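J.: So you can see what is in the structure, the chains are spelled out below.
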Amino acid sequence: MPAGNSDVYNIVQAKFLATEIVKTIHLNVSIVDGPSSNANRVLALVEYNSSHALFVLVSSRCPPVSFSDLSIETVVPIDQHFSCETEPVTEQNYVTLIIKYRQTKYEYNVEIGKESCNFAAELIRAKEVATDNKTNFTWLEKYFGTMNQSNRNSDPTMSDRSDFVIVRNEMAQAQTTNNRESRLKYQLKLRESEFTQIQEFTIFIGTWNVNGQPPSVSLKPWLSYDESPPDVYAIGFQEIDLSKEAFIFNDTPREAEWQKLVMDGLNPNAKYRLVALARLVGMQLAVMINNQHYPYVKNVSFDTVGTGLLGKMGNKGGVAVRLELHNTSLCFVNCHLAAHVDEYERRNQDYKDINARINFKRNPQAIKDHDQIYWLGDLNYRITDLSNTQVKTLLIRNEVNTLLKVDQLNQQRERGNVLLDYTEGDITFQPTYKFDLFTDVYDTSEKARPPAWTDRILWRGKGIHQVQYRSHMEMRISDHKPVSALFKSEISVIDPIRYRKVQEDLLKWMDKYDNEILPQVTVDETEVIFDLVKFREPQSKEIIIANTGLVPADFEFIKKHDEPFYCKEWLRILPYAASINPGEKCEIRFEVNLETDVENLEDILVLHLKGGKDIFITISGKCQKSCFTQSLSSLVRIQVPILNLTEDEWDQVRKNNTPVRYSVPRELWLLVDHLYRHGLKTRDLFESCALHEELIRIRNWLDYGSQDPIPGTPQAVAETLLLFLSYTKEPVIPFELQDICTAAANNFENCRQLILMKLNDIHRTVFIYICMFLQELLKYSKDNSYDAKTLASLFGDILLRDQIRNSKPQASRGKANFVYNFLVNDLSSSLLPR
Amino acid sequence: MSAGPYNYSYIFKYIIIGDMGVGKSCLLHQFTEKKFMADCPHTIGVEFGTRIIEVSGQKIKLQIWDTAGQERFRAVTRSYYRGAAGALMVYDITRRSTYNHLSSWLTDTRNLTNPSTVIFLIGNKCDLEGQRDVTYEEASKFAEENGLLFVEASAKTGDNVEEAFLETAKKIYQSIQDGRLDLNAAESGVQHKPSQPGRTNLNGDQAGVKDNCAC
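Note that the protein sequences, when read in sequence, are chains A and B. In this text, residue positions in the first sequence follow UniProt numbering: the first is 1, and each later residue adds one. In this text, residue positions in the second sequence follow UniProt numbering: the first is 1, and each later residue adds one.
The hints are simulated quantities; they were obtained by calculation from the structure and are not laboratory data. Wrong hints could be hidden among the right ones.
Result set (DSSO-like, lysine-lysine): computed pairs, CA atoms no more than 27 Å apart in a straight line [claimed, not checked]: (1) B:K141 / A:K613; (2) B:K35 / A:K501; (3) A:K298 / A:K271.
Note that the coordinates shown come from a computational prediction; the quantities given were computed from them, not determined experimentally.
Please build the complete structure, drawing on both the sequences and the hints.
T.: Below, the structure written as structure tokens:
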């Protein structure tokens, strides 16, 4: 980064998020084919999360002083579709930077130097690292929304944006808040007649080719010809300075001198203020306005176009000023077109070039888009096919109309080659060119050019009425006579009260619209009620979300304040977030799987629409009790299947208000006893997966009770036993004791002490009961193939299970070692409660 | 530079709270659409409305959250109070129970919003004078004792609806002007949106006139 740019660098960085790093910038960049004076673009290479993008920013001040001076014009992601080349411009001190993205091409002129070399190198480097086409550019989306509307519309390079997937996303989301201003402007324009009234303004247009003569005479005879003062003056000169200096450096003292004469020559019956002065070499255009109207002038801008030598030098061309007076946009163009009788086609071309290349910084940017256009100047069109003598003779005979028929401008206009749609008033004055200096005598020199109406004033637009069109013969210092035209022009003036009313109306309408384009959905059911939900017996219910709004709806279930997750642990939502297009529907499935002791399902879900409302969805359902998920201390207090208890009885049991009936839970005994009798010799007893239905049958058998034997194979019963022990409310070895147990695992006596001292009677009994069963199992290891280590690690994980379920089960050596002690040592009766 | 006529300078967040069936959604609808919504279904969730208003020449965008009034949603709707600059607390003048619950709504509001949140009490359905169950005086006294702004309004006729929303905004704007409301506090419920420079407008932005002028 060149020194001195660091301030600007910080300003550019401020335009982006802190995580979006501006790697390098380039100032004073202009668009190719734009006015070269318009070097108000800033290029910035920005990196986010190792993806790069090129930003083109327009700076309202050069250099920018605050980030608000910058607006984003173009964003180009740097990926495999991006390319960058430089092309030298012949005999210029700048190069063209050609940026291509798919089929879109952007060209910028940058000054040759270290800055441009570095910048181009950085771009190419960024492209090199972007080979991975999975780079994520979603971070750019927000910037497409900020690009101002006028740029989107006017920049031809933006017209074909179909390649930009990102842009499409942005539009699909209907980010209308950003263009609220444009929408309102547009609507106001449509309803303009409701809040404006027409007021007539007098506009004086003057044009004079002064032939490089020094400004030495009063202009009053020309500018103050009419008694009543006009409201607006637009005065154009050509050839105010024919010196080489003026031509090469576009700088001349004549500008101020002539302008002073203009100001002095304005109608003395009113006071005027200069609105804008534009000059290119010898062409000068000044717009003045009566002081009283000055407050209603706004958005003034000017531009100049050279069409002279090499098609671009300023010896010929045009200068233009645009402004808005009240609610009407005015454009004044002063031109000096190519000379010589035969060059009318060149003149037509100059006219086209001026139209094409004048580009105001304010909207509208082109000449043609203004409400009223006044075109003046030395158009240089001559009289064809007649000799000097013939012209002069006709003039003496006052046959002006015969001459006007062979006037090139009239001919070319008739053929539609120039100033199409423009109007010119009737010419009643003598040709204004070419006179001998200081006389009213047409050219007596050797060349003896035939007289011609080179100096003309035309107009285009609604409500323009010309009242005068004349030349001023008494102005004799030039070989041209000045011409002036007086117009009564209809200017649309805003009635502030009515304007306000329409504006309020529109704002209301837009508010309504803003509400209408909020995402809207309907949900077919906001109450999802599950049938009786049973332990590990999943159920699901569906609801349908329909997008009834005008824009895509992005929904997501969001967590409630103070809750860790968007739904309870027994619920799954599929999908929990998605996007629905207008008119489309999305089915959402709620899946319940009960693995803990829950009395009733109750949850309120918040279905959030991005940028819109929230809908509450209530989930409810009754749960069936089960011996699974209960605490050992409750279970040992019941002698009957759990579902045979009344609510009251169960309530008492849960509160431990009833006596302990069994030393181990009835269900545990039933399972172990069954295995003791039927499973000791079963190979891989604990390792086969039973059918889900089989497990449910066994669960029901335990919970409801039955006279029938256990409905299941020994393997299914064994799996049920593992499930039972895995889902008790507390593990057999409670969480808080697990660390000291595993720490003591390498010493049986310590383990024994722990069991004896720390575990309560119920848990201790259950633990010893299971270990004794496992010891029994090991007696048949030849048949069932189990050894103590395997069983210890299997049951270690269950008896000392982790607090967080679903965490990937991993055999803990400590837990296994702890249990191992009790599988290989004699479990003396001293371990059992006395 | 002041905001142009198209842009708003502030966003204020409002919540509307109160018992089920007092007419919260109808008030919102009347305010945003200028229409009475008959047979308005119960709000199951939080509806969202927006309108741009003007206070002291400033355009303000109101972002209004209309909450479900059902008791069973109370715990969930509490999370929407956060960051509200204005709270419209609504009861139904024809149903005393909705008035009796105000103190509980007020407690929630005080606990869950910040001290500068403007609370406006609205006695809705004042068009149903014949069925009145809560006198104006009584509610007015309650509002006074608790430092609340108060009107009786009708979402059906539109009476005082505009006023309630606008008065709340005025009060919030005053707090900003007085410096009582800290715009930088995350939960102030107000966002300031400085308008973008460089934009000119129909009302004659003179700053724009000179800058391209060579005079």
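J.: None of the hints should be skipped; say for each whether it holds.
T.: Quick rundown of the hints versus the structure:
1. B:K141 / A:K613: violated, 35 Å
2. B:K35 / A:K501: holds, 20 Å
3. A:K298 / A:K271: The given pair, whose Cα atoms are some 19 Å apart, holds under the 27 Å limit.
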